[in-house]
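S.K.: Okay, here's what each chain looks like letter by letter:
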Amino acid sequence: MSSDMPKPEELARVSFQPPESDWMDTPVQFKSGTYNFPAAKKNVEYLKMPNPHAWAVDDKDWMLGDKWKEKILDGISDRLQKFRSFSLFMDICVRCGACADKCHFFMGSGDPKNMPVLRAELLRSIYRKNFTVAGKLLGSLAGGRELTEDVIKEWYYYFYQCTECRRCSVFCPYGIDTAEITMIGRELLYELGLGINWALEPAANCFRTGNHLGLQPHTFKDNIEFVVDELETATGINAMPSFNRKGAEILFITPSADVFAEPAIYTLMGYLLLFKYLDLDVTFSSYASEGGNFGLFTSHDTIKSLNAKMYHEAERLGVKWILGGECGHMWRVVHQYMDTLNGPANHLEVPRSPITGTVFENTRSTKMVHICEFTADLIKHNKLKLDPRRNRKVIPTFHDSCNPARALGLFEEPRYILRNVCEQFYEMPENTIREQTFCCAGGAGLGNDENMEMRLRGGLPRGNAVSYVRDKHGVNMLACICAIDKATLPPLVEYWAPGVGVCGVHELLGNALIMPGESEERKAGKINLRAEEDDDESEGGGDV
Amino acid sequence: MATFEYEGVSIQVDEDGFMEEPEKWNEEVAKALASTEGVTELTEDHWKVVNYLRDYYLKFGVAPMIRKLCKESKYSLKQIYELFPSGPAKGACKVAGLPKPTGCV
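Quick mapping for you: the protein sequence lines, in order, are chains A and B. Counting in my numbering, the first sequence runs from 26 upward without gaps. Counting in my numbering, the second sequence runs from 852 upward without gaps.
It should be emphasised that the hints constitute simulated quantities derived from the structure, not laboratory data. Please note: incorrect hints may appear among the correct ones.
Said to hold, decoys possible - Simulated DEER-style distance windows between Cβ atoms:
#1 B:G889 - A:G261: 53 to 59 Å
#2 B:G889 - A:L163: 55 to 61 Å
#3 A:I117 - B:Y932: 51 to 57 Å
#4 B:K875 - A:D474: 19 to 25 Å
#5 B:D896 - A:S57: 30 to 36 Å
#6 A:P369 - B:E879: 56 to 62 Å
#7 A:D84 - B:K875: 23 to 29 Å
#8 B:G889 - A:V39: 58 to 64 Å
#9 B:K875 - A:Q449: 30 to 36 Å
#10 B:D896 - A:G382: 44 to 50 Å
#11 B:K875 - A:Q42: 34 to 40 Å
#12 A:K271 - B:T891: 23 to 29 Å
#13 B:G889 - A:T381: 44 to 50 Å
Claimed, not checked - Restricting the straight-line Cα-Cα distance to at most 27 Å, the calculated cross-link-like pairs of lysine-lysine (BS3-like) are:
#14 A:K301 - B:K922
#15 B:K922 - A:K66
#16 A:K56 - B:K929
#17 B:K951 - A:K334
#18 B:K899 - A:K67
#19 B:K951 - A:K67
#20 B:K941 - A:K56
#21 B:K941 - A:K67
#22 B:K929 - A:K66
#23 A:K410 - A:K271
#24 A:K551 - B:K922
#25 B:K941 - A:K246
#26 B:K875 - A:K334
#27 B:K882 - A:K246
#28 A:K246 - B:K925
#29 A:K246 - B:K910
#30 A:K548 - B:K922
#31 A:K551 - B:K925
#32 B:K941 - A:K66
#33 A:K73 - B:K951
#34 B:K941 - B:K875
#35 A:K67 - B:K875
#36 A:K301 - B:K919
#37 B:K941 - A:K32
#38 B:K899 - A:K551
#39 A:K246 - B:K922
#40 A:K56 - B:K951
For clarity, every value in this text was computed on a predicted model and none was experimentally measured. For each residue, glycine too, the CB sits at the ideal point set by N, CA and C.
Using the sequences and the accompanying hints, generate a full structural model.
M.R.: In structure tokens:
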């Protein structure tokens, strides 16, 4: 973390005093540490998006191209016709303010334009001026304003200060989903060639190599082989999976960070041990080598084509169904977009656990099961031998990742697993978990380093809840089920709640699973998947 | 994109100072990039890490996993931070001319 970052006690003193001028007359100010770098021209070109050009935020002229106003207004018009939700969201807000203080970026920055209502108003004001009779006649009296280059700059700043986490929408009496407004706002910016690199480069990589990180097939395989070796050193178990194996029953797809970054690779170790334990007929794919879908942070067209890749691969390999790993936004795409964009997946079978016989009725159209559903079902049917004492040094709480929580409703399964694999488990306060969960503040493409101050500001509510359970119950681990979380929560807790680690749920499952043929050291609970050794004899461990 | 110049070396870099054209990397470029990382002299230890990264990149097209870097170069993470104060990804990889990894990392 940069040494010029303000100290937590300074950053926590948030001023909620609004500017003196009216919001329409308050120009955007790009402050270092609170905005995202533009997408590199090569990535805009690779994705075949309009107006690829090199530019910088502090350039006076953003080179919006010819007829840029028409492109924006045509873009709004097209989307008003295409998306009934967008059309409604432009009209039905009564500005009651229920959403205003629910956004983590507003709580951490005090900037009124981070109130979801005002973020939406940045676009709604252009809609009013150009698409409503009152706005055309009365202008600002009816909440309308002119479309200018400054408006575009303001959109770029604030539509990339929204992580599309949808916490505000939980509180809206009309059900307005500000994430969808942000998504449309971003699409409109793309019409002018204005995107952020942290969203577009992963999307371009995913088309090029199959995953966000740009791992080519041989690299993807080599990384997993390395993790398998490390796992064998820690456990004595060789859990090598198969790749691109036709005729396997199940295709497993997980975020590419699980095969690259820490602590996500320890979650991968947990999956591998589980598959080995069950002797599951499962295969990895080096083509569908990404669970995530940065299309969700890019455009509806990109969502569709990246999502289709998973289903094409399932069809090519001839598997029966897909098992998905600990990913966040993948589950929003699968649960809320897939069926309309690419579904139903009639070439696959309704998923049925080969171990317990459970049919996952909820996945009847998507044919894709969340690994936490799969594992919780195994535990419920007493199919796993677990030794929670091996996690005795871990006192976890659970961070509901925004998308599995609010888009998939996956609340109980990860908690059920944690309670079965750990001796203790504590919840954070109820208005910070489940459907009210607070974002890691680095989702939707914002998890880069240049935006770190804004990430930490937005991370204040989550950090506050973590430090509360750390101080009250001695919690020392924040378990989560999203690869973005595993990348963005470590600096967040280091800053706001030092002393707490971050891990995946299946890492803790992997620690607790009593594997046939495991090493004596592991059997005695003296080594975990991170190969951290514990010589504390007095606390025991071993078979129970 | 910006141009970075140092002792006769001129390279294109992104906002974070990473090379835009990794294929143009050479030892003089490494020295120039090291100067931006507070590394005034590239010692044998620095070169071992940089050369490992370079070889890996040419074979695999991306940066290695940090755990693999430590294991195969035989430098602990702590030692790598001592050599490159910004760490393996932002320091060592930058000097070796590798692009930044992006995505859920």
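S.K.: Now tell me, hint by hint, if it's right for this structure.
M.R.: Here is what the structure says about each hint:
Between G889 (chain B) and G261 (chain A), the C-beta spacing of about 43 Å breaks the proposed range 53 to 59 Å. The supplied range of 55 to 61 Å is met by G889 (chain B) and L163 (chain A), whose beta-carbon atoms lie about 58 Å from each other. Between I117 (chain A) and Y932 (chain B) the Cβ separation comes to about 53 Å, which falls inside the hinted range of 51 to 57 Å. Hint check: K875 (chain B) to D474 (chain A), Cβ distance near 24 Å, so the stated range 19 to 25 Å holds.
As the Cβ distance of D896 (chain B) to S57 (chain A) is approximately 33 Å, the hint placing it in 30 to 36 Å holds. Look at P369 (chain A) against E879 (chain B): about 58 Å separates their beta carbons, and that is inside 56 to 62 Å. For D84 (chain A) and K875 (chain B), the Cβ-Cβ distance of about 25 Å falls inside the hinted range of 23 to 29 Å, so the restraint holds. Roughly 33 Å separates the CB atoms of G889 (chain B) and V39 (chain A), a value that falls outside the hinted 58 to 64 Å.
Evaluation of the 30 to 36 Å hint for K875 (chain B) and Q449 (chain A) yields a failure: the beta carbon distance comes to about 54 Å. For the hinted restraint 44 to 50 Å between D896 (chain B) and G382 (chain A), the CB-CB distance of approximately 58 Å leaves it violated. Range check, K875 (chain B) to Q42 (chain A): Cβ separation about 50 Å, and the 34 to 40 Å hint is violated. As the Cβ distance of K271 (chain A) to T891 (chain B) is approximately 56 Å, the hint placing it in 23 to 29 Å is violated.
Separation of G889 (chain B) from T381 (chain A) is about 56 Å and departs from the stated range, judged on CB atoms against 44 to 50 Å. Distance restraint check for K301 (chain A) and K922 (chain B): the Cα-Cα separation of roughly 25 Å lies within the 27 Å cut-off, and the hinted pair is therefore satisfied. Pair hint K922 (chain B) plus K66 (chain A) does not hold up; C-alpha atoms about 36 Å apart against a cutoff of 27 Å. Simply put, K56 (chain A) and K929 (chain B) have alpha-carbon atoms about 33 Å apart, too far for the 27 Å limit, and the pair is violated.
The straight-line distance between the Cα atoms of K951 (chain B) and K334 (chain A) is roughly 25 Å, inside the 27 Å bound, and the hint therefore holds. Distance restraint check for K899 (chain B) and K67 (chain A): the Cα-Cα separation of roughly 32 Å exceeds the 27 Å cut-off, and the hinted pair is therefore not satisfied. Among the hinted pairs, K951 (chain B) with K67 (chain A) is consistent with the structure: their alpha-carbon atoms are about 15 Å apart, no more than 27 Å. Of the supplied pair hints, the one linking K941 (chain B) and K56 (chain A) holds, its CA atoms being roughly 22 Å apart against a limit of 27 Å.
Between K941 (chain B) and K67 (chain A) the alpha-carbon distance is near 22 Å, which keeps this suggested pair within the 27 Å criterion. A distance of roughly 36 Å separates the Cα atoms of K929 (chain B) and K66 (chain A); the hinted pair therefore is violated under the 27 Å criterion. Straight-line distance between C-alpha atoms of K410 (chain A) and K271 (chain A) comes to about 30 Å, which puts the hinted pair past the 27 Å bound. Taken as a hint, the K551 (chain A) and K922 (chain B) pair is honoured in the structure, with Cα atoms around 22 Å apart against an allowance of 27 Å.
For the proposed pair K941 (chain B) and K246 (chain A), the alpha carbon gap of about 25 Å is at most 27 Å, so the pair holds. Only pairs whose Cα atoms come within 27 Å are accepted, and K875 (chain B) paired with K334 (chain A) is rejected, the gap being roughly 34 Å. Between K882 (chain B) and K246 (chain A) the CA atoms are separated by roughly 33 Å; this puts the pair beyond 27 Å, and the hint is violated. Only pairs whose Cα atoms come within 27 Å are accepted, and K246 (chain A) paired with K925 (chain B) is accepted, the gap being roughly 22 Å.
Taking the CA atoms of K246 (chain A) and K910 (chain B), the gap is about 13 Å. The hint holds against a cut of 27 Å. Distance check on the hinted pair: K548 (chain A) and K922 (chain B) sit about 25 Å apart at the alpha-carbon level, within 27 Å; holds. In summary, the hint linking K551 (chain A) to K925 (chain B) is supported, as the alpha carbons are separated by about 25 Å, within the 27 Å threshold. A hinted pair counts as satisfied when its Cα atoms are at most 27 Å apart, and K941 (chain B) with K66 (chain A) qualifies at roughly 22 Å.
Only pairs whose Cα atoms come within 27 Å are accepted, and K73 (chain A) paired with K951 (chain B) is accepted, the gap being roughly 22 Å. Restraint check for K941 (chain B) and K875 (chain B): the C-alpha separation of about 19 Å stays at or below 27 Å, so the hint holds. Under the criterion of a C-alpha separation no larger than 27 Å, the hint pairing K67 (chain A) with K875 (chain B) is consistent with the structure, at around 17 Å. For the proposed pair K301 (chain A) and K919 (chain B), the alpha carbon gap of about 23 Å is at most 27 Å, so the pair holds.
Restraint check for K941 (chain B) and K32 (chain A): satisfied, since their Cα atoms lie roughly 22 Å apart, inside the 27 Å limit. The straight-line distance between the Cα atoms of K899 (chain B) and K551 (chain A) is roughly 34 Å, outside the 27 Å bound, and the hint therefore fails. Straight-line distance between C-alpha atoms of K246 (chain A) and K922 (chain B) comes to about 18 Å, which keeps the hinted pair within the 27 Å bound. Only pairs whose Cα atoms come within 27 Å are accepted, and K56 (chain A) paired with K951 (chain B) is accepted, the gap being roughly 23 Å.
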